[in-house]
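Order-wise, the sequence lines are chains H, E and D. Position 44 (the first sequence) corresponds to 43 in numbering that gives the first Met the number 0; numbering is contiguous. Position 308 (the second sequence) corresponds to 307 in numbering that gives the first Met the number 0; numbering is contiguous. Position 40 (the third sequence) corresponds to 39 in numbering that gives the first Met the number 0; numbering is contiguous.
Hints listed in this document are in silico derivations from the structure and should not be mistaken for laboratory results. Watch out, some of these pointers could steer you wrong.
Below 30 angstroms or equal to it, Euclidean Cα-Cα: the simulated DSS-like pairs (lysine-lysine) are [stated by the list, open to error]:
1. D:K201 - D:K226
2. E:K306 - E:K360
3. H:K32 - D:K201
4. E:K128 - E:K161
5. D:K226 - H:K2
6. E:K306 - E:K295
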Amino acid sequence: MPKVIGAVTVDAMRCKGCELCVVACPTHTLALKSNDVNDRGYHYAYAADMATCIGCAACATVCPDACIEVYRVIEK
Amino acid sequence: MEEVRLMKGNEAIAHAAIRYGADGYFGYPITPQSEVLETLEAEMPWETTGMVVLQAESEVAAINMIYGGAASGKAVMTSSSSPGISLKQEGISYIAAAELPALIVNVMRGGPGLGTIQPSQADYYQATKGGGHGDYHLIVLAPATVQEMADFVALGFDLAFKYRTPAMILADGIVGQMMEKVVLPEPRARRTQAEVEAQCPWAATGRHGREHRNVVTSLELDPSRMELNNERFQRTYAEIEANEVRYAEYYTDDAEYLIVAFGSVARICLKAIEDARAKGVKVGLLRPITLWPFPKTRIGELASQAKGILTVELNAGQMIDDVRLASECRVPVAHFGRMGGIVPNPNEVLDALYNHFPEAKP
Amino acid sequence: MTPEEIINPANRVYARPRLLTEANTHYCPGCSHGVVHRIVAELLEEMGLENRAVGVAPVGCAVFAYNYIDVDWVEAAHGRAPAVATALSRLNPDNLVFTYQGDGDLAAIGTAETIHAANRGENIAIIFINNAIYGMTGGQMAPTTLLGQKTATTPYGRRADLNGYPLNITDLLAQLRGTCYVTRQAVHTAAAARKTKAAIKKAFENALAGKGTSVVEVVGTCSSGWKMTPAQANDWMAEHMTEHYPLGDLKNE
Numbered sequence: 000m001p002k003v004i005g006a007v008t009v010d011a012m013r014c015k016g017c018e019l020c021v022v023a024c025p026t027h028t029l030a031l032k033s034n035d036v037n038d039r040g041y042h043y044a045y046a047a048d049m050a051t052c053i054g055c056a057a058c059a060t061v062c063p064d065a066c067i068e069v070y071r072v073i074e075k
Numbered sequence: 000m001e002e003v004r005l006m007k008g009n010e011a012i013a014h015a016a017i018r019y020g021a022d023g024y025f026g027y028p029i030t031p032q033s034e035v036l037e038t039l040e041a042e043m044p045w046e047t048t049g050m051v052v053l054q055a056e057s058e059v060a061a062i063n064m065i066y067g068g069a070a071s072g073k074a075v076m077t078s079s080s081s082p083g084i085s086l087k088q089e090g091i092s093y094i095a096a097a098e099l100p101a102l103i104v105n106v107m108r109g110g111p112g113l114g115t116i117q118p119s120q121a122d123y124y125q126a127t128k129g130g131g132h133g134d135y136h137l138i139v140l141a142p143a144t145v146q147e148m149a150d151f152v153a154l155g156f157d158l159a160f161k162y163r164t165p166a167m168i169l170a171d172g173i174v175g176q177m178m179e180k181v182v183l184p185e186p187r188a189r190r191t192q193a194e195v196e197a198q199c200p201w202a203a204t205g206r207h208g209r210e211h212r213n214v215v216t217s218l219e220l221d222p223s224r225m226e227l228n229n230e231r232f233q234r235t236y237a238e239i240e241a242n243e244v245r246y247a248e249y250y251t252d253d254a255e256y257l258i259v260a261f262g263s264v265a266r267i268c269l270k271a272i273e274d275a276r277a278k279g280v281k282v283g284l285l286r287p288i289t290l291w292p293f294p295k296t297r298i299g300e301l302a303s304q305a306k307g308i309l310t311v312e313l314n315a316g317q318m319i320d321d322v323r324l325a326s327e328c329r330v331p332v333a334h335f336g337r338m339g340g341i342v343p344n345p346n347e348v349l350d351a352l353y354n355h356f357p358e359a360k361p
Numbered sequence: 000m001t002p003e004e005i006i007n008p009a010n011r012v013y014a015r016p017r018l019l020t021e022a023n024t025h026y027c028p029g030c031s032h033g034v035v036h037r038i039v040a041e042l043l044e045e046m047g048l049e050n051r052a053v054g055v056a057p058v059g060c061a062v063f064a065y066n067y068i069d070v071d072w073v074e075a076a077h078g079r080a081p082a083v084a085t086a087l088s089r090l091n092p093d094n095l096v097f098t099y100q101g102d103g104d105l106a107a108i109g110t111a112e113t114i115h116a117a118n119r120g121e122n123i124a125i126i127f128i129n130n131a132i133y134g135m136t137g138g139q140m141a142p143t144t145l146l147g148q149k150t151a152t153t154p155y156g157r158r159a160d161l162n163g164y165p166l167n168i169t170d171l172l173a174q175l176r177g178t179c180y181v182t183r184q185a186v187h188t189a190a191a192a193r194k195t196k197a198a199i200k201k202a203f204e205n206a207l208a209g210k211g212t213s214v215v216e217v218v219g220t221c222s223s224g225w226k227m228t229p230a231q232a233n234d235w236m237a238e239h240m241t242e243h244y245p246l247g248d249l250k251n252e
């Protein structure tokens, strides 16, 4: 059974911390950085649990600020 | 080639637009200018030159179509009459602020309000003092003949493109409706797309490989940059005032009394002056052709030699303000006007002249 | 594989579209405009339209759309985008001309321009963001504000007897013979956003093919105006807005 492994990166400076990616993520990979803010004062999103990511891009698809990149490999 | 025709002023505008190589006309019917749109629809220039003609759903839509067409660098025009021109003021302000070339024709009727469909010149203030919001000017051309109706299409477009600012032909209902002999200019080909993009590198034509995007907007929320925009507009207006004043003079060399009138009224005044001259009255005429920029320098010079100035207008006295400013109180300036669609005859003009300046009476 | 091994260009399945400019948008966190802008930029890039697309920006929150999508733009007066687009399209028939308008712009002050451009079947794509509120001016009632919905000018909720009814203009536009494709979509979930992308793609294709006017309404949110978090606003939208503005195609010819 091939295994899908994903990864996401968030442009923390561009992120406005709206949390829509966190809500959209089916694997609870993403979270807001509750103890840090970016230059504009937002609790930005980050991959809190990258191991769970399946690279489905749901996060990037709902991101209003286009600050998420998604990567995916299929391990045979 | 040139062609001699007998036609209405409104029809001459339509034919001149096609022959100029205009790219588009967008208008809405209103008396007394509907022949512009009617003539264009009948001529079907989209079959010959490719000119787009569209009857819009309102004057508001028509002027915004002009804004859109001009934003892509095209030579576009609209026409209307006074109440419709009021509706267009929003768009005209945007066109001026976005520094777009466009031609707007106002065949004036009596106002205010719905007023009357008869001729008037009561939109002088609106045309020359702004009309819409903000600090801007239109180049305002006042035709007195059907020939000038035709000629000012090309002149208006040329000036609009030269200065990237809207121009207006401010005609009265008389010159729009009357028929005269007119020499229509030689047809010119519409500009190719490459020529449009070369002439208007600022236009929203689609990038077509251009490295940067072009944005046509009148919005600038940064006040310091908005002030710079305004200063640039004012420099343009100063340049227009320096270069583009146009007027015609008749019998002014020895004139002791000066009549100032524009449009068809100037023709009535000229007849009055010829009658007065026959009786030895030294009266002359200055006819502003550009109402903005106004021929204030020349009027100031004539004010120094005259004993009195009479402005004759189809309104309650609007241009008289500019004549007074130009004359700098060197000479009494009086107004004679008829309103609401009434047109004076030459005798009434002379009566008014002698009324205000009894010593002029032969 | 470690994340470091996965994160390399060869494995990238989603990246910021090239036609979004580097500017950070002025939109509030979670604003639907950002999602739709991103979709438009993706499509212009994927469809190879960057050299012949001309957008018409509205007055409203999206007034600065031209700062974010790297194609030619014309900024229209409030409500006049369809008239501006009419001339742009007729005078430049090889271009893709699209408008991007909010509910106040399209369905209040610009109702006449919208209906008549659509009725003429202008070859344009109209992207209509309906978030039931005037965001830019501070959250006043929009033509599409729901009955009972609180706004700055309906502080006790919209009342039919005082304010009239929410205007479902997209249904009206679907009745016109000039429209070829009229649909209502949303961007509150990934699945919805993908459908919106497919809808706007079809609208662009229709405009290029000269099929007439396409209207893509996107039922969006305004978390600031609605005084909710973005996630709450999405939930509220799905629960309340779609009842009056049901999602799906209204016309597809």
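Hints, one by one, checked against the model:
The hinted pair formed by K201 (chain D) and K226 (chain D) fails the criterion: a straight-line CA distance of about 34 angstroms is larger than 30 angstroms. Note on K306 (chain E) and K360 (chain E): the hinted pairing holds, with a Cα-Cα distance of about 13 angstroms set against a maximum of 30 angstroms. Annotation: proposed proximity of K32 (chain H) to K201 (chain D) is violated, straight-line Cα distance about 38 angstroms (limit 30 angstroms). A hinted pair counts as satisfied when its Cα atoms are at most 30 angstroms apart, and K128 (chain E) with K161 (chain E) qualifies at roughly 21 angstroms.
For the hint pairing K226 (chain D) with K2 (chain H), the CA-to-CA distance comes to about 42 angstroms; that exceeds 30 angstroms, so the pair is violated. With a C-alpha separation of about 17 angstroms, the suggested pair K306 (chain E) and K295 (chain E) falls inside the 30 angstroms cut-off, and the hint holds.
Of the numbered hints given earlier, the model fails hints 1, 3, 5; all others are met.
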